[in-house]
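Peer 1: Residues per chain are reported as follows:
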Amino acid sequence: MVGEKVVDSITRWRVTMVVILLRVLALFATTAATVVMALNKEKHIFAVATIGNAPVKIEITAKFQHIPANVMFVIANGVATLHSLFMLSMLCFVRDKYDFKGLRFLTVAALDMVTIAVVSGAATAVAFMGEVARNGNSHARWNKVCDNFERYCDQGSGAMLASYIGIFFLMLVNMLNIFEHGRLINLSKNPLAA
Amino acid sequence: MNKTQWIPIVCLRVIAMVSTFVATLLMVTSHDSAKVLGMTFQAKYNNSSTLKYFVVVSIITTVYSLGALFVPPRKLGRHVLVLDMIIMSFLISSFSAAVGIGQLGKEGNSHAGWIPICGQVPKFCHHVTASLIAGFVAVIIYFLLVLYSLNNVLNLVAFKA
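Order-wise, the sequence lines are chains A and B.
Here UniProt numbering is used: the first residue of the first sequence is 1, the next is one more, and so on.
Here UniProt numbering is used: the first residue of the second sequence is 1, the next is one more, and so on.
Heads up, a few of these hints could be off.
[What the hints assert, rightly or not] As a list, the in silico DSSO-like pairs of lysine-lysine whose alpha-carbon atoms are at most 30 Å apart:
id : chain 1 : residue 1 : chain 2 : residue 2
1  : B       : Lys75     : A       : Lys5
2  : A       : Lys63     : B       : Lys106
3  : B       : Lys3      : B       : Lys52
For the record, the hints were derived by calculation from the structure and aren't laboratory data.
Go ahead and model the full structure; you've got the sequences and the hints to work with.
Peer 2: Here it is, written out as structure tokens:
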């Protein structure tokens, strides 16, 4: 009985460490996505016409807030960052009260799923907006934008990639929580089946 | 899993299946053409990769919902839950992207020089809007389904031994 209790607590400690590591990775990924997209800005000078000998130049700035999908992306990843910070602080500092009991666990799992849903929606919206910006849409007569604003488009793609990595880690955390809860419930109902 | 836990799941799955089927149908039958300055301007869902993605994900969700109705809940409940979460993630992402492109078509983007197209092809826009409403219903239903399954499957795992 004592041996099984020791093995169980070692396994619980290992799983908690893995969950903390994955949450830290997700935190880094979503923070990177937020910051990289929020600092997305590029200027380009277009020569529009010629008056006499001098060309008329217009400077156009592409900011991230010009496309609504990017705004949603920044907000969603900001919320995911705050969510990861909050869960990490709960795991690290409130360890005694944070055990898998009923409603508390369900709240954590549900919040994780909501975060995954919102961030994946934002990342896919940015992906398809970027596809329209890169390739244009000849049927709707929408010109491509990325040939003049290369760095803007590349930075947006980088932010989107970071966000997808964050989603992946958050999904792993969610699965781990669910299966760990199942294992603990099994153990508590049937202490001999370690 | 006794009947009281199993009946709401079946109901939610049937509603989700019907709404994704309706969303697919409405999107696939949406087409309109307009004549602007002598040129014909045709709009179909094929022209946009986002709407194609939405149709594909809706079809996958319909087929999956139909298949998941016939799975024995006691044995494979956890696997169905994992697949449910993956499919929910796809559904939400496709809906969000389609709404983004729809907003672009309806209001355009003055910074990028993209003019709105809904003024020229209103029938197409209305069809796509209706399809997105059906998709939204499917998203809400699937989210509720996943939360409810999570609650039940945990009890399942508890009594497995």
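Peer 1: Hint by hint, note whether the structure agrees.
Peer 2: These are the hints, each one checked on the structure:
no.	hint	in the structure
1	B:Lys75 to A:Lys5	holds, 29 Å
2	A:Lys63 to B:Lys106	holds, 21 Å
3	B:Lys3 to B:Lys52	violated, 38 Å
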